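A.B. asks: Listed below are the residues making up each chain.
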Amino acid sequence: MLFHVDTDNGIPIYEQIARQVKFAVANSALQVGEHVPSVREMATRLAVNPNTVARAYRELQAEGVLVPIRGTGLAVTPEAPRICNDDRLELIRQRLRSVLAEARRSELGDDEIRQLFDSELSSLPAITAESAPATSSK
Amino acid sequence: MRPVVHLDNVTKRYPNVTALENVSLEIPPGVVCALLGANGAGKTTAIRILLGLEQVDSGTASVLGIDSSTGGLEIRSRVGYVAERPTLYDWMTVEEIGWFAAGFYPLGYAETYNRYIRRFGLDARKRIRELSKGMRAKVALSLSLAHSPDLLILDEPTSGLDALVRREFLESMVDVAAEGRSVLLSSHQVAEVERVADMVAILLGGKLVCVERLEELKRTTREVVVTLPDATTPPPSMPGQVLAHVPFAHEHVWMVRDLDEARLAEVCRDAGPYTVRSPGLEDILLALLREYRSPAGAARSRLDERVESTPVTPPQ
Numbered sequence: 019m020l021f022h023v024d025t026d027n028g029i030p031i032y033e034q035i036a037r038q039v040k041f042a043v044a045n046s047a048l049q050v051g052e053h054v055p056s057v058r059e060m061a062t063r064l065a066v067n068p069n070t071v072a073r074a075y076r077e078l079q080a081e082g083v084l085v086p087i088r089g090t091g092l093a094v095t096p097e098a099p100r101i102c103n104d105d106r107l108e109l110i111r112q113r114l115r116s117v118l119a120e121a122r123r124s125e126l127g128d129d130e131i132r133q134l135f136d137s138e139l140s141s142l143p144a145i146t147a148e149s150a151p152a153t154s155s156k
Numbered sequence: 029m030r031p032v033v034h035l036d037n038v039t040k041r042y043p044n045v046t047a048l049e050n051v052s053l054e055i056p057p058g059v060v061c062a063l064l065g066a067n068g069a070g071k072t073t074a075i076r077i078l079l080g081l082e083q084v085d086s087g088t089a090s091v092l093g094i095d096s097s098t099g100g101l102e103i104r105s106r107v108g109y110v111a112e113r114p115t116l117y118d119w120m121t122v123e124e125i126g127w128f129a130a131g132f133y134p135l136g137y138a139e140t141y142n143r144y145i146r147r148f149g150l151d152a153r154k155r156i157r158e159l160s161k162g163m164r165a166k167v168a169l170s171l172s173l174a175h176s177p178d179l180l181i182l183d184e185p186t187s188g189l190d191a192l193v194r195r196e197f198l199e200s201m202v203d204v205a206a207e208g209r210s211v212l213l214s215s216h217q218v219a220e221v222e223r224v225a226d227m228v229a230i231l232l233g234g235k236l237v238c239v240e241r242l243e244e245l246k247r248t249t250r251e252v253v254v255t256l257p258d259a260t261t262p263p264p265s266m267p268g269q270v271l272a273h274v275p276f277a278h279e280h281v282w283m284v285r286d287l288d289e290a291r292l293a294e295v296c297r298d299a300g301p302y303t304v305r306s307p308g309l310e311d312i313l314l315a316l317l318r319e320y321r322s323p324a325g326a327a328r329s330r331l332d333e334r335v336e337s338t339p340v341t342p343p344q
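Going line by line, the protein sequences match chains A and B. For the first sequence, the numbering used here assigns the number 19 to the initial residue and increments by one for each residue that follows. For the second sequence, the numbering used here assigns the number 29 to the initial residue and increments by one for each residue that follows.
Please keep in mind that the hints were generated in silico from the structure rather than gathered at the bench. All values derive from a computational prediction rather than experimental measurement. Cβ coordinates follow ideal geometry from the N, Cα and C atoms, glycine included. Honestly, I wouldn't trust all of these hints.
What the hints assert, rightly or not - So, partial list: chain B residues that the calculated Cβ filter (under 7 angstroms) puts toward chain A: (1) 206; (2) 223; (3) 224.
Looking at chain A on its own, in the form it has when it is part of the complex:
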């Protein structure tokens, strides 16, 4: 699990940490029942304020992604993979939306946008059956 914090991208640091935990759960780098690093360990590793990490963990608990295990720390809940997959989809949808808005502002036509999208998509490495994420069918 490699976490990274960027102070320039306009996203609050606690949010970046929460997102990265979710992404780690979504792509199985963090599995159900596994512990996240302690607040102190995570804060030191990222060189960020411990309160910021604590806040990220609190939000993840509120969303049902993490649960405190008595005396040992915070663990990934059984529901977390589903929540995180949905979240990841939503996050990608948001990003796509902002890119599309920018394309529209620069007065690209629908066909041009589709062409760009298709050419980018086809240049991605193909997904093999095993590495395909188990997306929930909602």
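We have chain A; now place chain B onto it with these hints.
C.D. replies: Chain B in isolation, oriented as in the chain A frame:
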């Protein structure tokens, strides 16, 4: 809870310059507070007053409840302090200077010091004069941490140090904060401050223009850019508290607190296209500095309004 650092209406004048003017600041326990501002803004003076190394002309200063004007010695024995250019006896070895300092502190100091020395990968037998700038800074930091102070004061600790040493300093600061102890940090490394600070205090020309939780400052501040159609169109008046306004040809940039975005849309209908974004700490600081240094900004003296230090809730 009693604040660990308290400045109340502090003014300090030197023959040619007013270093601090009516500065009031309270830092609650367990908080990492960053002191920001240009060179010569009064940051070091404020720290030296707190430590009892300088006397105030008016107002009061205290640290851990001890009056700085009379209790400097006790304060200095209870806080950890790393000066920008730490003075160390350079004929001593790394280990000797630890033993030497241990004489001023309760038992256990030398052991803790040696633990830091090992953690920072310093050679205990080397003489201080043989150390690089980064290694000297690590010795100074180890000396300031070895008595587990309730408050760590760092005056531009990482200026001129390489990225790895800076990171190690940051990690030590985080470690201190994780134990619920307080840190007062003066720094020019805004990106670092943004990572570790709970609250920021911004000094401009000896005046405190902003004391606030960093998260709150960022949450409530917006950068507005308006492109006016021509030079004759007057810039719109911003619906919100303007921290800074920097015109650049037809483009005007504002840093605004508590922006009313609905009203902004109205006032900009005649003015021209505009964008709103959430600025980082560096953007906010630069805008304040530019505003302060521009003649127009000084004339408006918008920053002269005294900013009350808002109470900051300590972390759980």
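A.B. asks: So, residue 224(B) near chain A? Judge it on the closest CB pair being under 7 angstroms.
C.D. replies: 5 angstroms, holds
A.B. asks: Hint check: is the beta carbon of residue 206(B) less than 7 angstroms from a beta carbon of chain A?
C.D. replies: Holds, about 4 angstroms.
A.B. asks: Is the interface hint for residue 223(B) satisfied, with its Cβ closer than 7 angstroms to some Cβ of chain A?
C.D. replies: Holds. Min distance 5 angstroms.
Checked against the numbered hints given earlier, the structure satisfies every one of them.
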